[in-house]
Amino acid sequence: MTPPRKKKLNLKKRYELMTRGLDWETSYQKMDDVFPYDTFEGIKITDWSKWEDPFRLTMDAYWKYQGEKERKLYAVLDSFAQNNGQLGISDARYVNAIKLFLTGVTPLEYQAHRHFAHLGRHIRGVGPRVAAQMQSLDELRHAQTQIHTISHYNKYFDGFAEFPHMHDRVWYLSVPKSFFDDACSAGPFEFFTAISFAFEYVLTNLLFVPFMSGAAYNGDLATVTFGFSAQSDEARHMTLGIEVIKFMLEQHPDNLPIVQQWVDKWFWRGHKMLGLVAMMMDYMLPKRIMSWKEAWEIYFTEAGGALFEDLSRYGLRVPKYADIATDEAEHISHQNWSIFYQYTQAAGFHTWLPSDEEMAWLSEKYPNTFDKYYRPRFEMWREMEARGERFYNNALPQLCQTCQIPMGYTEPGDPTRIGFRSTEYAGERYHFCSDGCKDIFENEPEKFSQAWLPVHQIFQGNCGGAELSDVLEWYHMKNGTDNMDYTGSPDQKQWDAWQSVRKRVAG
Amino acid sequence: MAGIVSITLQNNDEARPVIESILHDNPSANANYMPGAVKIDCPERLVVKAESVSARIGRDWDPQEIHLTIVSMGGSLDEDDEELVLSWGA
Ligand SMILES: [Fe+2]
Ligand SMILES: [Fe+2]
Ligand SMILES: [Zn+2]
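From first to last, the protein sequence lines stand for chains A and B. Using the working numbering, read the first sequence as starting at 2 and increasing by one per residue. Using the working numbering, read the second sequence as starting at 8 and increasing by one per residue.
Treat the hints loosely; a few may be bogus.
Here are the computed distance ranges between Cβ atoms for each label pair [to be verified]: (1) A/H149 - B/L30: 28 to 38 Å; (2) A/C185 - B/N37: 35 to 45 Å; (3) A/R418 - B/E89: 35 to 45 Å; (4) B/D67 - A/K73: 13 to 23 Å.
If the Cβ cut is set under 7 Å, some of the chain B residues that face chain A in the computed set are [unchecked claim]: (5) A38; (6) L84; (7) E86.
Note that these hints are calculated values from the structure, not bench results. Keep in mind that this is a model prediction, so the values were computed, not measured. Where is the CB? At the ideal position from N, CA and C, for every residue including glycine.
Build the full structure now, drawing on both the sequences and the hints.
Take a look at the structure:
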């Protein structure tokens with residue numbers, strides 16, 4: 002028999018006292034002057050006290066649990082470094098997925114830290130304000146733990162050293178960067194909808210869960226540890242996302258069309274950005290746990306289905322073009338890896354063609370599309386490599402004005418035709434990869450017509466010069482070291498040398 | 008498919024008694040194991056009872072300790088001193 006559980010001051014009471022009990026209505030200054038940002042988007046809040054706090058975490062408990070998470074994490078990181086954990090990974094090709102993660106995702110954690118700090122000051126309701134303060138600290142912790150983890154890889158592999166510099170300049174990193182810049186330059190309710198709801202609640206599972214599980218499967222103890230440690234904060238972030246949506250919809254019927262438009266926009270932007278993760282999962286992990294399509298089915302079709310069914314009682318519908326995104330789950334990883342293969346000379350990580358075994362896995366996971374549309378392309382490129390004519394695309398691609406991805410995606414329902422859309426605004430023509438991206442532009446043309454598009458910037462002479470080598474230098478990418486195929490890279494030479502020493506030792 | 012709720016926990020020593028309790032207290036729950044983590048799905052409602060976890064570890068378990076091992080969740084959450092509940096429509 003275990004002794005009966007101790008009675009403490011009831012959690013709900015304690016939470017009330019330590020959050021709402023510490024808030025006050027200002028009297029020397031008008032509340033609207035103290036909180037100037039939470040009305041201009043048109044979201045109507047009539048009663049902030051109706052806000053529900055699902056995790057009733059108070060600051061003292063927050064510090065206690067976060068401290069414990071950090072202690073555990075750094076103990077693992079330390080032993081990973083001490084024991085040369087990098088030698089235990091499945092294959093050095095794997096490290097390229099981590100390069101993409103550090104250069105693409107870690108700076109977003111830092112952006113999230115900054116913007117949640119802003120919301121932690123500027124949201125009128127004390128419940129979400131405290132939640133945003135905690136999340137701001139969480140996101141700073143995520144950025145720090147990722148940098149600490151990956152600094153170990155930086156000692157042994159190329160492509161990591163210039164990550165913050167690269168994030169602000171490199172063509173494909175403008176995809177995640179512009180996603181976050183868009184959110185941070187929006188009002189607070191749109192930011193919550195974008196980051197807390199669309200990204201963290203609806204889509205983040207697709208980024209972290211299969212990716213961290215993939216890291217576990219590929220022997221990358223360091224990444225698993227920071228990944229799961231960061232993810233343990235994510236449940237809290239997800240509940241913030243869903244509560245904000247419900248709160249806005251419950252507070253006033255006029256909020257519904259605004260929220261729906263944000264949900265449509267940020268679902269589509271998130272879907273396009275996560276195409277990079279699709280490619281990591283299907284092409285960059287030497288040992289794979291599930292395909293992107295399977296992850297999409299579990300985390301969007303099934304989990305998202307239950308979520309939007311629940312939210313339909315407020316009149317909110319499934320995001321526009323969700324059906325098209327689901328259709329694209331059969332294509333996106335193959336099309337993205339093809340883009341990086343063609344532009345390997347300008348990528349900050351290494352590329353390769355899938356082996357026979359990997360292609361067999363892709364055929365099995367993508368019975369409707371891989372053999373028909375993508376295998377022939379990879380086999381042709383393989384033959385070209387064998388002839389000594391490895392294919393490089395030397396033309397700069399047209400970029401989508403909204404998602405900033407090279408326009409290599411195909412028409413819905415016709416994977417043999419590239420999709421193009423365009424629209425005119427203030428006497429200029431703008432180009433898009435899809436109806437989803439075009440709609441987003443047309444709703445906010447003043448914002449998106451100002452987008453910093455890497456290819457346009459190169460043509461305008463703003464990226465170091467006209468030659469590839471000039472641009473790489475401006476990116477701080479070392480030509481012949483950080484870029485190009487894995488085969489023949491310094492990373493590969495180093496890895497092969499380690500492996501041959503281990504074989505000799507094993508006899 | 009009536010709303011499935013779900014919780015994903017790390018598959019480690021600290022989470023194991025929590026996983027066991029969930030599977031015991033929610034007979035229609037289904038555990039999907041993947042490297043490093045386990046995703047538990049359940050139709051409509053899933054409960055994590057502090058009493059069950061406490062009995063397994065031989066000390067008082069605070070439901071907020073879930074923060075140390077949770078990876079992800081689906082559903083709306085409610086938490087008090089005795090239990091954590093995930094459900095839809097709340
Ligand atoms: Fe984060
Ligand atoms: Fe987060
Ligand atoms: Zn686009």
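### Query
Which of the stated hints cannot be reconciled with the structure, identified by number in ascending sequence?
Those not satisfied are hints 3, 5.
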